[in-house]
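4 protein chains.
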Amino acid sequence: MKIGIVGANGYSGAELIRLLARHPKAELEMLISHRTKGTMLTAQYPHFQHIAEAELEDMAPDEILNRVDVLFFATPSGVAKDWIPCFLEKGLKCIDLSGDFRLDNGEAYRRWYRREPAAQNYLDKAVYGLSEMNAFRIKYAQLIANPGCFPTAALLGVLPAISGGLIDPSFIAIDGKTGVSGAGRNPSLGNLFAEVNENTGAYKVGIHQHTPEIERFIKEFGEQEAKVTFIPHLVPMTRGILCTIYAPLAKKVTTEEVRQYYKEVYKGRKFVRIKPAGSFPSTKEVYASNYCDIGVYADERTGRLTIISAIDNLVKGASGQAVQNMNLLFGLAEHEGLDAVPVYP
Amino acid sequence: MKIGIVGANGYSGAELIRLLARHPKAELEMLISHRTKGTMLTAQYPHFQHIAEAELEDMAPDEILNRVDVLFFATPSGVAKDWIPCFLEKGLKCIDLSGDFRLDNGEAYRRWYRREPAAQNYLDKAVYGLSEMNAFRIKYAQLIANPGCFPTAALLGVLPAISGGLIDPSFIAIDGKTGVSGAGRNPSLGNLFAEVNENTGAYKVGIHQHTPEIERFIKEFGEQEAKVTFIPHLVPMTRGILCTIYAPLAKKVTTEEVRQYYKEVYKGRKFVRIKPAGSFPSTKEVYASNYCDIGVYADERTGRLTIISAIDNLVKGASGQAVQNMNLLFGLAEHEGLDAVPVYP
Amino acid sequence: MKIGIVGANGYSGAELIRLLARHPKAELEMLISHRTKGTMLTAQYPHFQHIAEAELEDMAPDEILNRVDVLFFATPSGVAKDWIPCFLEKGLKCIDLSGDFRLDNGEAYRRWYRREPAAQNYLDKAVYGLSEMNAFRIKYAQLIANPGCFPTAALLGVLPAISGGLIDPSFIAIDGKTGVSGAGRNPSLGNLFAEVNENTGAYKVGIHQHTPEIERFIKEFGEQEAKVTFIPHLVPMTRGILCTIYAPLAKKVTTEEVRQYYKEVYKGRKFVRIKPAGSFPSTKEVYASNYCDIGVYADERTGRLTIISAIDNLVKGASGQAVQNMNLLFGLAEHEGLDAVPVYP
Amino acid sequence: MKIGIVGANGYSGAELIRLLARHPKAELEMLISHRTKGTMLTAQYPHFQHIAEAELEDMAPDEILNRVDVLFFATPSGVAKDWIPCFLEKGLKCIDLSGDFRLDNGEAYRRWYRREPAAQNYLDKAVYGLSEMNAFRIKYAQLIANPGCFPTAALLGVLPAISGGLIDPSFIAIDGKTGVSGAGRNPSLGNLFAEVNENTGAYKVGIHQHTPEIERFIKEFGEQEAKVTFIPHLVPMTRGILCTIYAPLAKKVTTEEVRQYYKEVYKGRKFVRIKPAGSFPSTKEVYASNYCDIGVYADERTGRLTIISAIDNLVKGASGQAVQNMNLLFGLAEHEGLDAVPVYP
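Protein chains in written order, with full-length UniProt numbering: chain A, 1 to 345; chain B, 1 to 345; chain C, 1 to 345; chain D, 1 to 345.
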């Protein structure tokens with residue numbers, strides 16, 4: 001399988017390269033970066049020396065159509081929506097890691113992303129790539145909208161509670177904590193070491209574009225309307241997302257009953273691990289792996305459920321899940337190239 | 001004023017020394033550490049070379065009564081409750097940084113701390129040292145129960161919203177994030193660098209002893225019963241606490257109205273800073289200072305209020321507030337010795 | 001190949017498990033930890049859930065002889081020397097990651113390790129496992145003394161300069177910087193997060209036990225006597241070692257000539273990468289991989305050579321090199337199970 | 001004393017503000033930042049809320065001459081050299097924190113800084129502000145060239161060994177480790193959190209502009225010619241510099257003799273602390289303070305001396321020493337406004 005990656009110079013591009021360089025069925029054919037075209041990948045990322053020594057190429061649709069079997073977009077929001085339609089028309093399968101095709105409502109995209117949306121027919125074509133929830137449709141998709149990092153952790157955490165009728169969706173608060181690599185490799189004041197280190201704070205309070213994505217798929221997969229309060233926080237680490245989800249219990253259940261229900265929902269889904277009772281996930285326990293770990297706590301005292309989920313934002317929250325979706329799309333084993341053990345400590 | 005510190009070898013003890021070594025009215029008279037008695041403070045903390053070169057002494061009540069005017073307990077919970085009664089009987093003023101005197105209900109202490117409580121008459125004597133909310137009583141106290149680090153940030157954040165009738169107390173979720181220094185200087189697996197670095201996770205889910213402390217003082221200062229869901233998280237930093245508080249709005253108000261109300265409540269309280277609209281606090285902006293920064297967001301879309309508060313857990317969350325209380329207790333200016341500018345970056 | 005690991009509960013034990021769990025020819029048969037025997041590995045390291053769910057066993061020589069083909073000692077210095085002789089007598093192949101068999105001079109071991117050495121005949125039997133320098137002897141060894149983390153980086157960096165006659169060995173200074181995971185998982189004041197974070201300092205100045213190991217193998221592989229000044233420093237990170245090596249040039253050479261010589265020396269050695277001219281290694285570029293990256297700078301102005309080498313202390317500096325040696329020992333491809341791409345960022 | 005700061009928006013500018021906001025004799029009169037003029041300081045640095053709420057002003061020489069008594073340049077190299085001459089002509093005292101006036105040899109400046117130097121008569125006028133070594137001349141200076149961060153730590157560490165004839169200056173290697181705040185607040189790939197965290201590497205190998213500064217003042221203060229190998233390294237922390245200095249002993253001396261000699265040299269110099277024998281400095285022990293801690297080790301085995309010195313790069317390595325020099329310049333007590341206890345942990 002010949003792979004093309006648009007945005008090979010960003011962190012999720014580099015993470016795709018890391019994963020696909022060792023994928024038994026994939027071959028890195030075209031690494032595309034408009035801004036750094038003509039330079040060697042190793043000039044941007046010296047750690048790829050002897051591993052992936054290709055030259056970064058410019059965007060060239062005809063070349064791409066000739067040379068690749070699947071095209072990843074690891075670009076900031078706003079890029080894929082302009083390029084993907086032409087590839088779809090020619091029948092190329094595309095996996096978009098950006099937010100451009102995650103909302104089916106163009107108006108919502110305009111409001112939350114502050115940018116013009118893709119045309120409605122392309123939005124309608126996109127299949128949401130939350131692998132564990134949507135595998136069947138992913139297999140037959142032509143365009144996959146790979147989920148956002150926070151929505152991946154939030155939805156894998158909250159969906160069983162919703163579809164199982166365990167919580168009352170009238171009040172759901174999701175407290176997200178993320179490492180800084182999610183902000184990409186573009187230098188800006190907010191992701192300087194001296195600003196991030198020994199520091200924790202919230203950002204984009206009330207206006208984060210992952211909010212409507214979470215709400216949309218709570219509705220689609222959970223069949224409930226829910227207004228979600230989602231507050232993302234930046235914590236001083238490179239990788240990792242932890243979501244802590246707060247909601248009132250809809251009925252009297254014990255932690256153990258909730259755990260068993262979650263285990264049932266994710267039975268056979270290799271990349272979701274339900275923690276033992278009394279244990280809760282931590283981001284380092286999924287570091288550099290495609291796992292999503294989930295722990296739950298039903299509090300009898302308060303009548304509330306707390307759900308905690310952890311992923312590596314660059315793997316299950318981006319490039320790992322994209323490879324998982326590629327595997328589904330091409331009929332490979334879902335975990336092909338993704339069986340790395342978490343790096344701990 | 002001659003100062004005695006029990007537990008001078010721990011982090012909050014060392015922070016008291018840092019603050020009091022430069023306090024214009026205080027003199028460090030007795031530094032007490034049972035475990036490391038007879039060693040020099042600088043053998044434990046070399047950074048005090050040329051600054052505080054005293055020998056650590058053993059606990060000796062008579063000595064203490066002879067030599068000191070005020071006694072700080074910077075000890076783990078379970079120590080002060082056994083020692084403080086004898087000092088109170090002799091009329092010495094005590095400031096306890098541990099949790100031993102923060103709950104007036106012995107049964108609750110037994111349940112949450114899993115330890116026998118102090119006798120009820122001593123629990124009743126203790127004045128809660130949340131300086132901004134209780135200054136009048138603190139001035140006339142003999143025993144001050146210095147607040148916990150999380151309760152300080154949580155209560156300063158949530159109390160105005162409660163007393164102002166802005167939120168519905170039937171659902172309050174407090175997501176706490178803390179640096180690791182709150183765990184003290186005792187080596188344990190959970191606070192090793194290799195375990196904490198590049199890691200974020202929850203701990204003591206549903207069982208953290210600061211929960212009943214928060215609930216008690218929501219009732220006392222806010223005059224509302226509230227069951228609080230409080231989930232503490234460890235983030236990879238040394239200092240700092242951030243509390244993100246989620247609750248339904250009780251009435252239609254704008255962010256700006258909430259801000260103005262908070263500014264009114266904290267008018268003249270030098271150590272609480274209300275952030276400008278659209279800005280939210282971060283822990284580094286209060287680093288090594290006694291400030292508590294607070295930001296609010298009233299979300300019209302969801303009908304909910306989010307309150308975010310930040311402190312340095314070792315300063316406003318422990319030793320700084322203890323010095324602030326000492327200042328109140330002895331009729332000094334509240335900010336004496338506490339005017340340090342946050343260390344940023 | 002059935003694997004036994006003594007000290008499975010430490011960081012290098014866990015790293016062996018991480019690597020061997022995905023090794024195509026290895027099977028984790030016995031995970032031994034005297035101190036935590038009877039507990040599940042996942043109780044110590046939850047990240048192994050669904051990956052390696054074995055019970056930790058006690059040390060039982062007969063069991064081991066029955067069940068395993070090769071035995072790793074990932075124990076603190078002082079353990080392997082007492083156990084390994086009995087296994088050697090029975091013909092079991094052993095790989096010791098500790099310092100017990102790295103010095104052939106018992107007296108030197110006594111002085112630097114402050115402990116009684118193994119008997120001379122066992123010291124003589126041990127083959128030093130610096131894979132790139134000693135592959136031939138490793139293939140036929142029964143007991144491999146896996147190199148220390150600092151010696152691995154220091155020797156791979158300095159040996160070509162010595163054997164090539166590029167530097168004058170009369171003054172060699174090696175400035176080592178290490179992440180804290182090298183100190184193992186034993187809680188102690190010195191490896192607490194709050195002590196290590198935002199902190200850099202030297203330790204064991206003049207007395208670090210890796211000094212005689214470096215000197216011994218400069219002599220054996222480089223055929224030069226050299227007194228080495230080696231100063232290790234702890235920097236606030238979990239993984240990684242960087243050695244900066246200072247020495248006078250022995251003849252007039254350019255950086256490029258030195259580079260070419262290094263490339264020649266390491267030709268065909270997959271895990272050593274010589275950096276392009278003007279580039280120097282950094283620890284993150286080898287993170288979680290078995291690479292050793294080396295950069296050189298011949299300074300005409302001062303007549304000195306600076307060599308900089310980087311490894312992941314837990315991989316090439318410990319468990320990765322141990323697996324590399326196991327591969328050599330059993331006639332497998334040297335990189336079997338070790339082809340992970342560095343995790344960056 | 002009315003203070004003006006050019007470059008108030010950078011890290012050393014902000015650190016000057018932090019220190020001077022609490023200086024008993026100083027008043028922050030003009031905060032100048034060409035790039036962010038017209039914005040509030042608190043918009044750039046919210047932690048100054050309620051502490052320093054001034055507007056940032058543009059560079060306006062006449063204004064400055066009217067309003068301020070002393071002018072600090074906390075600007076990148078290349079700015080002060082163009083502005084300072086006009087202020088000197090009008091008699092204003094200037095303290096330049098950049099490298100523009102540290103070399104008296106214009107040619108050397110051109111080579112190492114790759115920029116045109118100031119005119120020779122201004123270079124000659126500048127007094128080097130290494131307070132402990134040059135206090136007498138600083139008191140009568142009109143222009144102070146405040147030392148670089150590395151040269152401060154390196155020179156305070158190495159000068160006594162040189163002037164005392166303890167080491168042979170024919171081989172001096174200085175291994176510098178710095179936190180990232182030294183790179184300033186300009187976003188660039190190299191100081192992103194995701195690039196710096198869990199990473200250690202060398203930079204500007206052989207070409208760092210602090211090299212000739214160190215060599216110049218070894219000659220001026222130590223009266224010895226020395227070619228110095230200086231290799232700076234970036235370690236994952238915000239503040240702090242550690243220099244480890246390697247040189248051959250010139251005579252047989254013990255560590256204790258060297259220590260005593262250092263204590264004598266720095267007798268009465270409050271900000272230099274000589275560590276006890278067997279102890280070595282670490283950067284956290286001087287955090288946010290103006291101390292320089294020094295430890296020495298004379299190794300009989302190798303005949304070499306190792307000197308280790310630590311400072312906070314933003315305080316003693318920049319703004320703190322600048323304030324110390326201002327105090328000297330205006331006849332104040334040297335430590336006025338600089339008596340902060342290190343922030344530990």
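Keep in mind that the hints were calculated from the coordinates and are not lab data. One or more of the hints may lead you astray.
Note: identical chains are not told apart, hence a pair may lie in one copy or across any two.
Unchecked claim - The list that follows gives simulated cross-link-like pairs (lysine-lysine, DSS-like), each with its CA atoms no further than 27 Å apart:
(1) K204 x K139
(2) K252 x K204
(3) K251 x K204
(4) K251 x K93
(5) K219 x K267
(6) K204 x K37
(7) K263 x K204
(8) K227 x K139
Each hint, compared with the structure:
For the homomeric pair K204 and K139, neither the shortest alpha-carbon distance inside one copy (34 Å) nor that between copies (41 Å) is at most 27 Å. Only between protomers do K252 and K204 lie at most 27 Å apart by alpha-carbon distance; the minimum there is 22 Å, versus 35 Å within a single protomer. Taking CA atoms no more than 27 Å apart as the test, K251 paired with K204 passes between copies only; the shortest distance there is 24 Å, against 33 Å inside one copy. In the homo-oligomer, the alpha carbons of K251 and K93 never lie at most 27 Å apart, since the shortest distance is 44 Å inside one protomer and 50 Å across protomers.
Taking the closest pair of Cα atoms, K219 and K267 come within 27 Å of each other only inside a single copy of the chain (22 Å); across copies the shortest separation is 44 Å, beyond that limit. Taking identical chains as interchangeable, the C-alpha atoms of K204 and K37 lie at most 27 Å apart only when they sit on different chains, with a minimum of 26 Å there against 32 Å within one chain. For the homomeric pair K263 and K204, the shortest alpha-carbon distance between copies (23 Å) is at most 27 Å, but the shortest distance inside one copy (33 Å) is not. Taking the shortest Cα distances, K227 and K139 never come within 27 Å of each other, neither inside one copy (30 Å) nor across copies (46 Å).
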